Every structure is written in C-alpha cells, then in structure tokens.
Amino acid sequence: MNIFSHLGRYWIFMATLFSKPEKISVYRRRVIEEMESIGVSSLGIVSLISVFMGAVITIQTVYNLVSPLVPLYIVGLVARDTMIIEFSPTIIMLVLAGKVGSSIASEIGTMRVTEQIDALEIMGINSSGYLVLPKMIAAIFITPFLVLISMFVGIAGGWVAGELSGVIPSTDYIKGIQYEFLPFNVTFAMIKTVVFAFLITSISSFQGFYTQGGSLEVGQASTRAVVYSSVLILIFDYVITQLILA
Amino acid sequence: MIEVKNVSKGFNGKTILENVSHRFEKGKVNLIIGGSGSGKTVLVKCMVGLFEVDSGRIEYDGRNFSEMNFRERKPIRQEIGMLFQGSALFDSMTVEQNVMFPLTMLSDMGLSERTDRANFCLQRVNLPASHKLYPSEISGGMKKRVAIARAIAMNPEYLYCDEPNSGLDPMTSIVIDELIMEITEEFQTCTVINTHDMNSVFTMGENILFIHKGKKWWNGTSEQIFHSGNSELDDFVFASKIMQNLRK
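Note that the protein sequences, when read in sequence, are chains E and S. With the working numbering as the guide, the letters of the first sequence map in order to residues 369 to 614. With the working numbering as the guide, the letters of the second sequence map in order to residues 772 to 1019.
Careful: at least some of the hints might be erroneous.
[Claimed, not checked] Listed below are the simulated SDA-like cross-link pairs for lysine to any residue, each with C-alpha atoms no more than 25 Å apart in a straight line:
1) S/Lys816 / E/Tyr578
2) E/Lys388 / S/Arg885
3) S/Lys845 / E/Tyr395
4) S/Lys845 / E/Val481
Treat the hints as calculated values from the structure; they're not laboratory data. Note that the coordinates shown come from a computational prediction; the quantities given were computed from them, not determined experimentally.
Please put together the full structure from these sequences, using the hints given.
This is the structure in structure tokens:
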C-alpha cells in the first residue's frame, strides 16, 4: 500500500471519530480515565527525565562558557529557554510517544485481533469514536500540564545541580531564569504540545485500529506507532518553529 | 427471519462467496457448516455488516441491511447479539460491566435497572457469582457464557454464534449448545451458528446450510444429513471413523 492510500485511510479514520457520540456521559467518564492513564501515570517519568536534563543543561552550559566576558547568570537563561522552548515540549513529547503511543497502539491493536472492536461495531457503536476520541481529548488536555511541570522541574533541577556542584551560585542562576523572560515562549511551547499530542494519539490509534493478524502484528503496529509519531513530531517541530518564530 | 439473497463476496480478485442464497428462520437454530476456508465466516461477517457484500442483499425481516449506511443500520444492529469465537469480552471491564455495556451505551435504563438486567442475564447463563471478576480471571467456558449473557442483554431478535464450542472441552460444549437452544426457544431469536462441531450439528441442526467452495452446496436438517446423497457433505460430516461408524 502506498503512502497516499495510507494518508487517505488516515483521514477517513479521523473523519469517523467525530460522529455524534452514543452517550456523552460515557465519553466524559472515559476522557477522565484516559487523563489518568496518559497524564497522571506519566508524571513520574516526565519529572525524572526533566530534573536530570535541567541539571545536565546547566552543568554543560557552565562547562562551555569559557569567556569571562559572558556573565554567569546567562547559564540560568540558557537552561530556562532550552527547557521551555525545546526540551519540555519536544523531548518530553518524544518520550510520551514511546510510552503513551505504544500503549495506545497495543491496546487498540489487541482489541482488534481479539474481535473486541468487531463486538463494538456489531452493537452499533462507533468503535473508533468510542475508543480513540476520549484518548485524543484527554491527551490534548493533559499533556500541556505535563509539559508545564516538566519546565518547572527541569529549571529547578538545573538550580539544584548548580548549587550542589558549586558551578553557579543560586543568585546568578535565579537572576538568569528571570532575565528577559518572554511569556510567548510558553505559549509557543503549548502550541507545539497540543499538536504533538494530537499526532501521538491519532497515529498510534490509527496503527492499532488497522492491525491485522495476531500478537506479532500488534507488536509491529506498536513499533510503527512510536517510529511514525516520533518522526512526525520532529518534522512538525521544525515546521511550527519556522512558521511561528522565523 | 434473515434472508441472504444471491450474495457474492471476494477479496483481491479472489471469489470467496458465490451467489449464496438462504433463509434463516426465526425461533430456530440455523447452522452454517463447511470446511476451513469454505467461506462460512465471510458469510456471517457479511450478514452482520463487518464486510460489505459485492453483490446481492441481506434482509432482516424485509429490511435491506446491505443498502443501509452505518447510521441506518444502528436500529438493526441493536437487535443483533453476537457470540464471538474468542468471546471478545472487554478486558478492562468486569463480567458485570461487560454484560451491562450494551445497555449503558444503547439504552436509557438507569443504573439499578441495568444492574438487574445484567444479573438476570448472568443467572440465565448460570453464572450468578462472577460479577466482579475480570475476563482474565475466568475459564474459557465461563467467558463463553458471559459473552452469551452480553449477547442477550438487549433482548436480541437475531443471535449469531461464531464457533461457540471452539477451545472447549466436550462437557462444556454440550452445556453451551444446550444454553443456545434454550435461549433460542425462550426468546424466539433467529439464531445463526457457524460451526464445524459435529455434535452441535446433530443436536441442534434444525436448518443446516452447507457451504463448499464459497457456494451453497446443500441445506436440510440433522436427520436429512444422513441421506443427503451429497458426496462433498458426506466427506465433510463423516470424515472421522466415529462418524462413519455412527452412520453405519
């Protein structure tokens, strides 16, 4: 199957998501459950990665600042902007593409090969809408909070690392993270996050939904979901940056 | 009553079903039998709308199902219950939630009414004390019974069973067959069973359709099967030594 037929199927799949839900109350409950599954359960890994990345960014920036003409508080500024503009929205979403994307693809793929999706369709339920739409809404709503937490934890991680290793005094770091702060950078990060959340959930669901075969194919669908989501996140990162910041 | 009229279906240029016509009667257990790859599962999937027919039509009490779109099919789909080969229970839900699911999604019943209905269905399939268990915690035979309970939860007019005995021991198979017969009689459903279990054929075969090479090859009752004079049917039904001895 060529790329155009895949794209065609993807858009047809997307169109099926937005038909009228059978029961709004059930969909609402599913959105909340998915927020827990996608968001709350990812909080640990997001915080862990963010704190260490913030720490590494800080130490590496100090290491690379060889000129005495550059003030030390620049380290705080670099750590802040790296976390806000690129690290939190992009790298964290790449991590979520691995964690959440593979989970969505394997869950829906398993439902497909064990005929659970057929069972939904025979009941007259819009299976794609019931299974995918709550995940998509939940991810779009909850991932910006994860990214905001990542920004905060990452910047805090940089401060702790600077303080513990003694490479940058707290006063300089705190001055740096307050220096010429542009609130639009956070908005820009949120725009990217929402787009990436849509890509992860839609691509992973699509891969799972059209799985054919058995457990081997479910695994392959899961791998494809992660690879395609990650590649598209990187491409869209470039496109959005070009469109908004250039 | 379900009528299949001149149905043909193929995949990638290969014909799987060719001009199949048959009438499945209400209040009876209708069997579809045939060898592996004969096209019986494709026929059932066409009948429930999981596959679209290439030509011909499927009628549910005179309503042309084949020409309807997804929305138009909804009322008919809500009259269909289906027991899948692998049970197809939702892993994330308990037994009770599985049975209640179609009621939750498709009816206006309140929680207590839905719970009562689920309890009734579970008692009907002799599973009164498994409500809070998950599908992974129950046996294959119990899963089939839960799937039957879910299939009858909406009081279906049409009940489909895809290989209901596959993977079950002979005793449990008999229990499931008896349950399907009782439910068919009690609810007067038009029951369609896709099977190659010969015990089911002889105990439940009120209206048997034999599919061979994608065509309707023979139809009749379990009594008539002994004297069909159809060599392909004989080869299929009396393939084992036991069945050959039974015939003698």
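To see whether the hints hold, each was checked on the structure:
1. Taken as a hint, the S/Lys816 and E/Tyr578 pair is honoured in the structure, with Cα atoms around 17 Å apart against an allowance of 25 Å.
2. The hinted pair formed by E/Lys388 and S/Arg885 meets the criterion: a straight-line CA distance of about 23 Å does not exceed 25 Å.
3. The straight-line distance between the Cα atoms of S/Lys845 and E/Tyr395 is roughly 19 Å, inside the 25 Å bound, and the hint therefore holds.
4. Using a Cα cut-off of 25 Å, the hinted pair S/Lys845 and E/Val481 holds, with the two alpha carbons roughly 23 Å apart.
The structure is consistent with each of the numbered hints, conforming to all of them.
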